[in-house]
Each structure stands twice: as structure tokens, then as C-alpha cells.
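Following the hints, put chain B in place on chain A, whose structure we already have.
Protein chains: 2
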Amino acid sequence: MKAEIISTGTELLLGQITDTNSPYLASELPLLGIDLYWITHVGDNQKRIVEVLQRAWGRSDIIIVTGGLGPTEGDITRESIADMLGEKMKVDPELVENLRSLFRKLGIEMPQRNIKQANLIPSACAIPNTQGTAPGWWVEREGKIIIALPGPPRELQRMWEKEVKPKLSRKLSGEVIISRIIKTAGIPEAKVDEMVSPLCSSTNPTLALYAKFDGIHLRLTAKAAQKAKAEEMIAAAELRLKSILGDAIWGYDNDILESLVGDMLREKKLTLATMESCTGGLLASTITDVPGSSDYFKGGLVAYTAEMKIAFDVDAALLARKGTIDPEVAAAMAKTARLRMKADIGIGITGIAGPDAVEGKPVGTVHIAIDAGKRKSSFSATYPPRRADVKRRAVVSALFKLRQLLLKM
Amino acid sequence: MKAEIISTGTELLLGQITDTNSPYLASELPLLGIDLYWITHVGDNQKRIVEVLQRAWGRSDIIIVTGGLGPTEGDITRESIADMLGEKMKVDPELVENLRSLFRKLGIEMPQRNIKQANLIPSACAIPNTQGTAPGWWVEREGKIIIALPGPPRELQRMWEKEVKPKLSRKLSGEVIISRIIKTAGIPEAKVDEMVSPLCSSTNPTLALYAKFDGIHLRLTAKAAQKAKAEEMIAAAELRLKSILGDAIWGYDNDILESLVGDMLREKKLTLATMESCTGGLLASTITDVPGSSDYFKGGLVAYTAEMKIAFDVDAALLARKGTIDPEVAAAMAKTARLRMKADIGIGITGIAGPDAVEGKPVGTVHIAIDAGKRKSSFSATYPPRRADVKRRAVVSALFKLRQLLLKM
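The listed protein sequences correspond, in order, to chains A and B.
In terms of this note's numbering, the first sequence opens at residue 87 and continues consecutively.
In terms of this note's numbering, the second sequence opens at residue 87 and continues consecutively.
In isolation and in its complexed conformation, chain A is listed as follows:
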């Protein structure tokens, strides 16, 4: 099955917004055994949209069009599909009633222009939209399928997940492609590459590496006639990767480091507190991105100056002796966080996010310490000197080191 995606919207061609729908859909299609060959962005111009649709109709089995389903004059996806197929649009009374009742619930009278969203052609049926006013279109003709989805990512993802994906998977048969992502941290990309090289030459499953902000991800992709067979192939390759990478693996697929660490803290009934300097609150904010983090996260201190570190009880003599960018200071901060906030574990981070060097130490220098009373752990690194990256990578390292400590507790 050959698929292509057509993203409509002049905003895309002006660089005003980034298309996140295509990557989302692109990552979903392989699981249905569908190969994606092209993604085309085209502006809100009917002649050009029809041209692109025509080409897609000639070369692809499944065409997914995103955007252009709104009520305004600039929304011309429906018109373009009708035009390309030479079919005539007609307002569907049932869809009009759906729209009217939607507006009624919002306590607003339906604007006249929204009626346009109730149009259909003979080959199309509507796909319900629970998140907005724009129904999608499912078009079938000559063994080909066109799926038109609304542009807002929340509406698109919900419609895909609840309506389109089940319908497509019922429709299709044949080869299934399954992917598994294995997430590591603490080992540089080149080293991971070298370690897993025996698996890199395999063509089924294939292995690919991606450097992400939360470490190196490895993607296994297997293709088979049956889902069970593909899963078996993935499982065997995964077992080999586990034996090679061991503890450097922290998660799989949609796993998020802060959630996994949070689960471990909750399970072990341990509480956490932080004291941050160069990361400026990003560690606390990342920890509290996880719903339910109040179960284990007590609080955080952001001490952005030496004066504030002292005010929060870090030993002034230590700071005078060592400066603020020092492993011992990180350890003192971790201990202070633990004691002051009566937590089981404290994390301290000090370093230089940049752009200027501090105390003669280079931008990117970071010292992290974890203090769990008897058990302690520390880590120092020099990251590439870009402020946002230094903050982000320091937070990932702190969480990864916390995970390693928790594994031993």
C-alpha cells in the first residue's frame, strides 16, 4: 500500500507554523503496513491543491489530506477533492443538523458560513469530529482512498485514533510493520553505534539510531505477514540489545524518563526535593510535568546567586573556598534540599548555562549530586555550550542518575 500526505495551508509555506501532523501520521502508518512515499505541503490555492491531488491519485493508494476543512473561504480542501474527482458537492441535511446541535450546546447560533462544512460528494462519507466543527471526509473510488482530516493537531489525532485507524486496519490486510524504540542514556552516540554494530547490517528487523535530547534512541523495525511473527523478530533483537546495553536502557517507545523515575519513587515510597542553580527550575518543572508528582515531589529551591545559596543554608565557607561551580557545592546543595524540605532524596545541580564562562570554568560545565542519606551519587559533565541544551541535558542526566541510584535502593 502506497500512501502520501498532502498538508494544505499557506501558513506552512510562510514558515509561520511547523507541520506536526505529517510526522504524527508518518509514525502511525507503518503500524498498518502502509508505506509513506511522499509528503507535500501546498498553499491554500485550489489550482495547486487539485494538481497535487491529481498526481497523488495517479501514484498512491491512500491519500491523506490535512487542513482546509474550516468554515472560511480559504478552506478549500473539500472543493479541491470534488474538483479533482469531477463530482458535485451537496449539503448533507444530517451533517447540518449535527453542526446546529453542536452550536446549540455552545449556546451560539450557527453562523451561516459553517453550513459549508456539511458538504459531501457522492464518493465521500463524513468522519465525525468530537473536538471541533469540521467533519473529515472518507472518499473511496476506483480502489483508492482519500482521507481528509482537520488541521488542528488535537482534532486530527483524535479523529485518526478513534475513527480512521480502526477503519483503515479493518480494510487492509497483508504485511504488518512493527517498530520498537529503545531509549538509552549515559553513552555517547558513536559508542552506542559501535556497541550495536553487529545488529546494524540486519535488513529485517532493521536497526536505526537517533540522537535525542534524552539520550540515544534505537529503533527496531520488523516486517512480516503476521503481527505475531513481526513481534517475535523484534523481541529477539531486543534481547540482544539488552545484553549489549544493559543499564544504559531506561525506557521503551513512549516512555518518558521523569514518569518512570516518578513511578519508582512512588513505588518505593520515597520523596524528592531539588536545589538548582544553572538549570533555574527546569528540573523541578520537568518532575512536576508528571500528573500525580505531588505524591513524591516535596519542592524545590532555585538559588540563582551565591547569596541565595547561602540564604538557603549552603555553607558560605565552602562557597568562598570552592566557588559556586564545584562538585562539592552540588553535593552540599543536594544535602540542603533533602534536609530543608524533609525529603528522602535531594538533588543538587550547579553549573554554567552560558553564554559567559564563570569562575574561569567553561560554559557547559555541570555538576550534579544526589543525596539519599547513606547513598550518594555524583556526576560531572561538560555539555556543548548552548544555554537551552545545557539546561535540558543537565536535567536528563540528573533524572538518569537518580534512576540508577533508585535501582540500587
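Rather than coming from a laboratory, the hints here were simulated on the basis of the structure.
Incorrect hints may have been included.
You can't tell identical chains apart in this list, so a pair holds if it fits in one copy or across any two.
Stated by the list, open to error - Pairs of lysine-lysine, PhoX-like flavour, derived with a Cα cap of 25 Å:
id: 1; residue 1: 253; residue 2: 354
id: 2; residue 1: 447; residue 2: 191
id: 3; residue 1: 133; residue 2: 230
id: 4; residue 1: 191; residue 2: 277
id: 5; residue 1: 309; residue 2: 253
id: 6; residue 1: 408; residue 2: 421
id: 7; residue 1: 354; residue 2: 315
Frame of chain A; chain B shown alone:
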């Protein structure tokens, strides 16, 4: 001038990475008076890349190809351009020498496979890459231009900025398109839309609205033969928007709220401290995303539980009486932050990021208070109940309210 972008890379079609190069280039092209009509993503398959190149060659004046310039077998952009144009590639001795000296600097012998990056065709000249090994290609033939740029965004942006943009602008003349983005906060999209509707029907300059996480952005775009004329048109429209939107406008173009507020604090020689509950450190982290924020930001407290709020000196009786989700508690937190960290201004935020309601109040409830001693300000809102959005919107509101207070100081 009609341009199109061809993004190569199978990762894009698997949804493994999001193409940020196309939005970047798309936002740059209008400033050169170039209209972008198409963006196509295509996998690392020479037949399909050649097909896409052929179509582009037939319909566009400028074709920008991104990715596929690396040293591996999968990097086939050079080969595909040569193939499409029917020209033969030849290794350029000077480029080989450049590569060798680059590797010499890194203390590594150049791998044999990198020689492929020194290939040229008769119509191409190399574009220097100061950030990596892959030179770009500048191809001119039959009045058309093909520009091949490396995939890594840092390399691409640098090459665009330093090499391609100046060369293109020297080359081109004719109409110039200029855009100006005006950023507002504090007024809902529908209301902004209504307020600026008199300007919406204009076709030159055009006005478009975008709802962003930091408020509603308005984009003015003007087209004229001369840059000065286009700028004049933008300036006139901007003046009208200013008289309509007043204080709701907080910035322009690349302005970032936290940087602007930081500049105001620095200029007024005022210091800031924060105490956060539901935003969990995101306010402090956002403030410290700005280089040099240590000039005015003293520190932050993240009190994620009532117990921690009391430990940080928020009145226990107040908490017992009002609960934690209350405007008075926000005010007490702001005051505590200011006094405890000896800052001129304190900000307090309490609320419910979700997913569960607290104290019978709905998810999305947020109370923000700013305490500058005599001057105080407070703000309450109920945001759509999505955890990440609640955190982000609360931070934007806090910074926007701080800006409003600073304007009066």
C-alpha cells in the same frame, strides 16, 4: 520568483524526526521576494528524488534541496541532481584538500568514504560549510537555481545565513515582501479578531491572526517594488493596530516575553523572586532561559504541597481557612518570595494543573499575584484543563502581568 523546497530523508517519512528546516527556509524566502509554492518530503530513494527534482525543474525558478549530503551510501542528493540534469560527477581536488584539512584539525584521518562529499558537476559550485563536513551545492543552468543544503539544522541555518542568502539577494531583484509580527496577550482570539476586523479586508498589506501559547500574534505582510515602500505600508498598518490594541501588545517579531520583562527589570534595577505551586518551577525556568537573568532574578521556591508552603513561611492559618487554591494564598506566596529572597518584586502562583480537581475547584484554575511592596497586582483565570497548557499559560500570564506592573513603575 517561484521557489520550492525538497526535503529528503526516510526518517521524515517514518515520522522519526520533524522537519524544522522547511519552516525556517519558508520564513526566510519572503524577505527575498521569493514565493514558496511547494514543499515536498521524499525518502532516500534516487528514483523518487529524481522524479521530484524533475517536476520542480519544470515549474520552479529556485529549488532548495535539504539533506542527503553526508558521506554514507544513503546520502544521494548530489547523485540525484547530477542524474536529473544528465551531468557527470567528478571529485574536485580542492574540496578533497579542504576535507582532509578539516579532519586533520580534528586529529582524525579522513575516512575514504568522505571523498564522495568532494564531488561536483559542471553546473555546480560548492558552498562552504563551517559547521560540518558536507559542502552545499549551488547549481545554475538555464536561468534556474538549485541549492542543496545539509540536513542538520545548525549547518543549514549557518550556510543559509552566511552564504546562500547574500548570494541570492545579490542575484535577485524585483518585488520585496516584508512581514511584521505583532504579539499580544490578555485578549482572547475572537475578541482580537473583532477589534482588528477593519484591517482584515486589506489585500496589501494583509493581516492574519495566529493563536500561540504566548498570546495572539498578528502578522502584517506587505508587497512592493521597493523595500522602503513595503516598510512604509507596514508602518502605517502597525500604527492603526497600536491604536486599537494598546497595552495588549507586548512585543514584535522575534521578541520573547521573558527577555523583554528581563530587560525592563534590569533597566529599572529591580530584582525578582518567585514562589510557585502548580507551575512547579516553570516560571523560574522560563525566567532563567534568558542569558544574563542572574542580573535580576534572585531565586525561586517550588512549594508543591501545603506543608512546603508553610515551611517556606506562608501563613498556616490562612491555608487552613482558604485552602491552597486561593487568590489570598497567591498574594501570600508573592509576599513570602519577595521578603525571603530580599527581592524588590515577588510573584506567587497557585492553581490546579490537573488531571484531578483539588478542594472542589476545577482543573485549570490559576491564581497569580505580584507583590512589589506598595504596588500589587493579581489575576485569576481558568484555563483549558490540560496540564502542560495550564502550566505554560499561567507562566505567560504571570510574565504579562509583571510587564504591565513594570510599565507603571
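**Q.** Up to 25 Å CA-CA - residue 253 versus residue 309, copy category
**A.** Within. Shortest intra-copy distance 21 Å satisfies the 25 Å Cα cut-off; inter-copy 46 Å does not.
(Q) Regarding residue 447 and residue 191, is the shortest C-alpha distance of 25 Å or less found within a copy, between copies, in both, or in neither? (A) between (61 Å within a copy, 23 Å between copies)
Q. How would you label the pair residue 133, residue 230 (within, between, both, or neither) given a Cα cut-off of 25 Å?
A. both (22 Å within a copy, 23 Å between copies)
**Q.** Homomeric proximity label, residue 408 with residue 421: Cα distance no greater than 25 Å
**A.** within (17 Å within a copy, 33 Å between copies)
**Q.** Alpha-carbon proximity between residue 191 and residue 277, which holds within one copy, between copies, both or neither at 25 Å
**A.** Between copies, since 21 Å is at most 25 Å while 58 Å is not.
Q. How do residue 354 and residue 315 come out at 25 Å by Cα distance, when the copy is not named: within, between, both, or neither?
A. neither (37 Å within a copy, 67 Å between copies)
Q. What label fits residue 253 with residue 354 when the C-alpha limit is 25 Å: within, between, both, or neither?
A. neither (43 Å within a copy, 61 Å between copies)
Hints 1, 7 from the earlier list are contradicted by this structure; the remaining hints agree with it.
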